[in-house]
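Peer 1: Here is what each chain is made of, one letter per residue.
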Amino acid sequence: MPLNAIELAKLFHDKNPGITPGHRMCPGCAAPNVVKFALMTAIAKGYHPVVGLATGCLEVSTTIFPYTAWNVPYIHNAFENVAATISGVETAFRAAKKRGEIPPDKKLAFFAFAGDGGTYDIGLQSLSGAVERGHKFIYIVYDNEGYMNTGNQRSGATPPGSDTTTAPVGKQIPGKLQLKKNIVEIMAAHENVYVATVAISEPIDFMKKIEKALEFDGPAFIAAHSACVRFWRVNDDKAVESARLAVETLYWPLYEVERGVYRVTKKITNPKPVEEYIRSQGRFRPLLSRPDAKEIIEELQQYVTSRYERLLALEEITKDKPLRGPWAKEDFQTDEHAM
Amino acid sequence: MPAKQALTGAEAIAYAMKQINPDVVAAYPITPQTPVVEYFAKYVADGVVDTEMIPVESEHSAMSACVGAAAAGARAFTATAAVGLALMHEIVYIAASLRLPIVMAVANRALSGPINIHCDHSDAMAERDSGWIQLWAENVQEAYDFTVMAYRIGEHPDVRLPVMINFDGFIISHGVEVLETLDDDVVKSFVGKPIKMYSLLDTEHPVTYGPLDLYDYYFEHKRQQIEAMKHVPKVFKQVAEEFEKISGRKYDLVEEYMTDDAEYIMIALGSTAGTIKHTIKELRAEGKKVGLVKPWVFRPFPKFELQRILNGRKGVIVLDRSASFGAEAPLYEAVKSALYEVAVRPQLGSYVYGLGGRDITPAHIRQAFEDAFKGYLIADEERYLGLRE
Chain A
1 MPLNAIELAK
11 LFHDKNPGIT
21 PGHRMCPGCA
31 APNVVKFALM
41 TAIAKGYHPV
51 VGLATGCLEV
61 STTIFPYTAW
71 NVPYIHNAFE
81 NVAATISGVE
91 TAFRAAKKRG
101 EIPPDKKLAF
111 FAFAGDGGTY
121 DIGLQSLSGA
131 VERGHKFIYI
141 VYDNEGYMNT
151 GNQRSGATPP
161 GSDTTTAPVG
171 KQIPGKLQLK
181 KNIVEIMAAH
191 ENVYVATVAI
201 SEPIDFMKKI
211 EKALEFDGPA
221 FIAAHSACVR
231 FWRVNDDKAV
241 ESARLAVETL
251 YWPLYEVERG
261 VYRVTKKITN
271 PKPVEEYIRS
281 QGRFRPLLSR
291 PDAKEIIEEL
301 QQYVTSRYER
311 LLALEEITKD
321 KPLRGPWAKE
331 DFQTDEHAM
Chain B
340 MPAKQALTGA
350 EAIAYAMKQI
360 NPDVVAAYPI
370 TPQTPVVEYF
380 AKYVADGVVD
390 TEMIPVESEH
400 SAMSACVGAA
410 AAGARAFTAT
420 AAVGLALMHE
430 IVYIAASLRL
440 PIVMAVANRA
450 LSGPINIHCD
460 HSDAMAERDS
470 GWIQLWAENV
480 QEAYDFTVMA
490 YRIGEHPDVR
500 LPVMINFDGF
510 IISHGVEVLE
520 TLDDDVVKSF
530 VGKPIKMYSL
540 LDTEHPVTYG
550 PLDLYDYYFE
560 HKRQQIEAMK
570 HVPKVFKQVA
580 EEFEKISGRK
590 YDLVEEYMTD
600 DAEYIMIALG
610 STAGTIKHTI
620 KELRAEGKKV
630 GLVKPWVFRP
640 FPKFELQRIL
650 NGRKGVIVLD
660 RSASFGAEAP
670 LYEAVKSALY
680 EVAVRPQLGS
690 YVYGLGGRDI
700 TPAHIRQAFE
710 DAFKGYLIAD
720 EERYLGLRE
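Chains A and B, in that order, are what the protein sequence lines are.
For the first sequence, this note's numbering begins at 1 and goes up steadily by one.
For the second sequence, this note's numbering begins at 340 and goes up steadily by one.
Heads up, a few of these hints could be off.
Stated by the list, open to error - Capping the alpha-carbon separation at 20 Å, the derived lysine to aspartate or glutamate pairs in EDC-like fashion look like this:
#1 A:K106 to B:E543
#2 A:K15 to B:E543
#3 A:K107 to B:E543
Claimed, not checked - Computed list of chain A residues with no C-beta within reach of chain B, every gap over 12 Å:
#4 T62
#5 V89
#6 K98
#7 L177
#8 K238
#9 E276
#10 K319
Everything labelled a hint here was simulated from the structure, so no lab data went into it.
Keep in mind that this is a model prediction, so the values were computed, not measured.
No residue lacks a Cβ here, since even glycine has one placed at the ideal position from N, Cα and C.
Chain A on its own, in the form it takes in the complex (with noise of 0.2 Å):
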């Protein structure tokens, strides 16, 4: 049943979402709304949301001793190991109930939050693992392109040309030279999972596939476009904007992939060149004002569109395909039979 933004509204207009207001996130950044309707979705379907961060601005600005943004139960481990971490909760959860000591119709819905620091590169071993062990939780990605937390260095996440502290637009390199690495495909490889693109842009698409997630008789993988209005160099009324620029322009293509299966679930017939993108954030600056800005931002453009066609061509071959089915299930979806 898809949620109801009225149903939704009234349900929230005197409650949080898990996270509170006076946290000391930057003014502007897409993060919290990320949280916010994945937490919104999980509580209003009868969920108790259990929170874990990966160190990052999130978690930073969110739980500066002695105070707390969140009030739902909340573990921030260290940088790389929110999915083992959270991953440790979910079976002690499973162990608890086996043994009676939480009632067996108590919903528990766990959540793993990280930037793409903490999931592109130093978390990815972490959460390849906890995905391929079948846990039941949701992963989430606020992918701002960069180490936004220790000021604006690149990550396996910054695309071509974005100036970064470690890849700098400089005289003669022209910023980072390699394109994304593409998380999506990687975690869909896993197979048993639910993989989908999100914007805050999209607020009806978002909740369905956080909904959609939460019913999924596995582990989820969502990665949420979240502008860093700070290092983008954009104004902090932009956040929603860029995500709608970025989805318009097959920059942040939203599909999903559910055991193998593709769907994209916005179609852009007429898209945006992806230099509009470009030009409208502050970081790719220094790059257009350089002799190869074209070459560059065509070859970027190239991929976005070959990338959008390959899913287009994805989602008609594997519509009746899946990887894995119910006749697959991983064990921890068995443990009736086991004891």
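We have chain A already, so just place chain B on it with the hints.
Peer 2: What follows is chain B alone, placed relative to chain A:
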């Protein structure tokens, strides 16, 4: 009825964990720890325990998952060795700082490099300031007994700290010895139910674990950890006393062996104590007044016990199975520091031995004692047993 069994140290620890039936075990294979989790995995597979096992993809994730599980109120267990422990290092500190009474068995093995799979204590020594309680077993029996006692110590409300059970790699982990095991129900009632505090599963009372803690509070929280460690000797003794009632075996912070009238005392951790006891018997037969002190607990360091025992002796020989490059070996350094405060300081000698599994024999131990008999112990000289120079 207590039963005699012939088990390896690894199997004995797994057997104790089977009797404890913890909520969550997260572990990764590494020599020579692997058989601990192999035996335990079999108990799980056979339905002998109802523990949930997490076969993680690294030791770093093993400790991370234990932290998550313990914060969710679970009794969590892991086991590792050497570089596996080193990989966990970051989270070992975090586990202690979050005051999570996780239990971890460490089959002590040399740290790389060069890579080596055999026993020494460099792995555990690298964690000695991590805030974990460190217990050190001499043999299979002690490895079993400490496993039974560990949660009681770590979970005590005055302590709330993780516990590391050290048992020498291969020597104890793979050596078969006869030990006396307790009945399942005796262990079960001794260990009892875990005291769940601030569980992440208690959604009615949400808590925040692991906040950002800056210069205005971090120091106070570290001070609380220091205080928690200070409660360990009292709690350890209480638990040991209760354990004696069910097992007949007596434990304390240190074991004293033939120390009453000893003029020369050797100090060592772990399995080498057995070889030392054997050599002491021989030397006693020759009329030498020699004894052994073996710390069962290395963290917190049993300073007062060592001061009481060592004050006024002629010579004290400290054996270390790990080196501290550019400084004195860790056990020696701690003993020497403790002796600064005694009325009559003995002569002191530092002997490093057994690195990377190099064998230690009664002849080596005798050699160190002979130095002491000759009055040839030099406090700032590090000597090596069984080394080709």
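Peer 1: Out of the numbered hints, which ones does the structure contradict?
Peer 2: Violated hints (numbers, rising): 4, 5, 6; every other hint is consistent with the structure.
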